[in-house]
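Residue numbers (our numbering), protein chains in the order written: chain A, 1 to 177; chain B, 1 to 177; chain C, 1 to 177; chain D, 1 to 177.
No wet-lab data here; the hints were simulated from the structure.
There's no promise every hint is true.
[What the hints assert, rightly or not] Below, in silico cross-link-like pairs of lysine to aspartate or glutamate (DMTMM-like), each with a Cα-Cα straight-line distance of 25 Å or less:
1) D:83 <-> D:16
2) D:83 <-> C:38
3) B:83 <-> A:39
4) C:83 <-> D:38
5) A:83 <-> B:39
6) D:83 <-> D:71
7) D:83 <-> C:153
8) B:83 <-> B:55
9) C:83 <-> D:39
10) A:83 <-> B:38
11) B:83 <-> A:38
12) C:59 <-> C:153
[Unchecked claim] If you want the footprint, here are the derived chain B segments under chain A, 3+ residues with CB under 8 Å:
13) 22-30
14) 97-110
[Stated by the list, open to error] Derived DEER-like restraints, expressed as beta-carbon distance ranges:
15) B:88 <-> D:53: 50 to 60 Å
16) C:137 <-> D:88: 31 to 41 Å
17) B:148 <-> D:52: 29 to 39 Å
18) A:149 <-> C:146: 49 to 59 Å
19) A:148 <-> B:17: 31 to 41 Å
We treat Cβ as the ideally placed atom computed from N, Cα and C, and that holds for glycine.
Protein chains: 4
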Amino acid sequence: MTELTTASGTSWLSREEMDSARERLPILYVDAVPVRVDDHGTVSAIGLLLRVGGDGQIKRSLVSGRVLYHERVRAALLRHLEKDLGPLALPRVPPAPQPFTIAEYFPTPGVTPFHDPRQHAVSLAYVVPVEGDCAPQQDALELTWFSPLEVREPTVLAELANGQSHLLLQALAHLGV
Amino acid sequence: MTELTTASGTSWLSREEMDSARERLPILYVDAVPVRVDDHGTVSAIGLLLRVGGDGQIKRSLVSGRVLYHERVRAALLRHLEKDLGPLALPRVPPAPQPFTIAEYFPTPGVTPFHDPRQHAVSLAYVVPVEGDCAPQQDALELTWFSPLEVREPTVLAELANGQSHLLLQALAHLGV
Amino acid sequence: MTELTTASGTSWLSREEMDSARERLPILYVDAVPVRVDDHGTVSAIGLLLRVGGDGQIKRSLVSGRVLYHERVRAALLRHLEKDLGPLALPRVPPAPQPFTIAEYFPTPGVTPFHDPRQHAVSLAYVVPVEGDCAPQQDALELTWFSPLEVREPTVLAELANGQSHLLLQALAHLGV
Amino acid sequence: MTELTTASGTSWLSREEMDSARERLPILYVDAVPVRVDDHGTVSAIGLLLRVGGDGQIKRSLVSGRVLYHERVRAALLRHLEKDLGPLALPRVPPAPQPFTIAEYFPTPGVTPFHDPRQHAVSLAYVVPVEGDCAPQQDALELTWFSPLEVREPTVLAELANGQSHLLLQALAHLGV
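If we strip away everything but chain A, and leave its shape as in the complex, we get (with noise of 0.2 Å):
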């Protein structure tokens, strides 16, 4: 996961004291993965973000951040879509919690698929439909749209930084696209 606390008052904690809760337990986070659909809903293509890394190394990612206190997932969801994708992009959240999967991002390489160099994160998952216009926000620089055969292909997945190419590959399998 890129870097995705900010600034901005959204979290409630100090970058100090996150960067020690960071240290000794695991964070709650949301992954979304923005799609189109056509009119029988079937997914039509795949949003992946365009983002300057911590690192200075331009990667593209998943829509994802931490869960705040006393946040509802869902709002957690909507606001880190809206932080990403712009005020304009209606996505549609599932009116179910369940997640298609969770994923378990450690900071030691290998453990999992996913690793943050970070934190111990655990991330749920969600297929998010967008109708609306998407305008990238703050630090992502751009959106892109992938049809599902486009998005598989080996030089899009590699640019996907922390494993999130297997979170993207398992929302394929299923969305059984």
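Let chain A serve as the given structure and place chains B, C and D on it in line with the hints.
Same frame as chain A, now just chains B, C and D:
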């Protein structure tokens, strides 16, 4: 399930052939629980149809119907939603094919909570957010929206036939409301 | 799917009647992905059957078969698991009826990733841990256990017929392995 | 949820640090609904623990507890099952990581059906078949098996604290019983 095979040419079997198949094979159905969701994706209302059953009794029901030969499950869902809710309902069929549960309707009462005197039907059940205007069609007299609280009232549940009250409660549990 | 309707009296239709139904109605199937799990419930191996298909070709397949009239889905799963893996396999059928996905096998290739030249079949797919000794039965020549890594090899996937390689990959994604 | 963090060294935070984190971050939990299944995988009984809560009151509860830093969700499930049901319980943790739902326990009552005065906890909920002998451990006084019918009785449901009766009913709905 109320009588859902129509004389409109959507069925590819004569009534006699269909009656014969119904005595020999489990018939594949879809059940849809139509819901209204707010901006956060939280369910605010559940829609139930009011129908006149084959026996002349007035009953409530979910949107329900058969999957036809060479028809995708997704297409069957949309066809039955349009048939019952009208062409302007704008149903948002979930992008993934995993149903939240299956309902096994047996011709013999008591085998499962679901009962269909006409046949052994196995139904794939989905929750479907509906965004547009609903106008009951064909044999549906009315579509009524209930709040999650109202729809659980014993008087409402008692109006659902064939064990669909059980399926409705399963949907509410899945939705976490 | 390989031919799974047997002459053993488990089918309630004559072959002619079944052939006729297959041209008229979607037929309800179950697909099971047999797995070995360790003490932690982590999948260590996936089992594939080796069969001689109707065309004389040797192919690998999942455990798969039809749901009969008046048969519970759970009972159909157990019947096909016992038929293919033998009476000592000790399958642990999941307690909840929600399949991890559905597979729509069309007689026309290309409509979905799944294809069955004989019929339109819709299959409910489950992952089933198997704890006992497996001995292939009837038309199954062999059961082979593959590690999650081995089973993804293109040579293994290519031996699965009717698009079941797609279903296997969906199962692996669902399992997170 | 009853107090589940023990002084046994399984926690990597001092009580003061944990109390501080609990005021700042959602804490990741797992909830397990222990079930007995018959040969067909049908649920025959649901297990509830009897505990003395922090306030001295005797309450029933599900198996529930925190996920630790650098602990897999699967390992946390097994640890809490063993802690509460004893080392011979032989739990069959599901092979897939997808929970059947999530439960959001808020420190403020009424935000969700779930309430935990100590913290904001988000729990991943699983149904876990248990095949061995259960012996309540530590602060659990007793484990009682209820039939699916008995466990729904208002007197039983009323003995569950923190909204876990709601989660139990969600599990029963998911199981279709």
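Enumerate the violated hints, using their earlier numbering and listing them in ascending order. Failing hints, ascending: 7, 13, 18.
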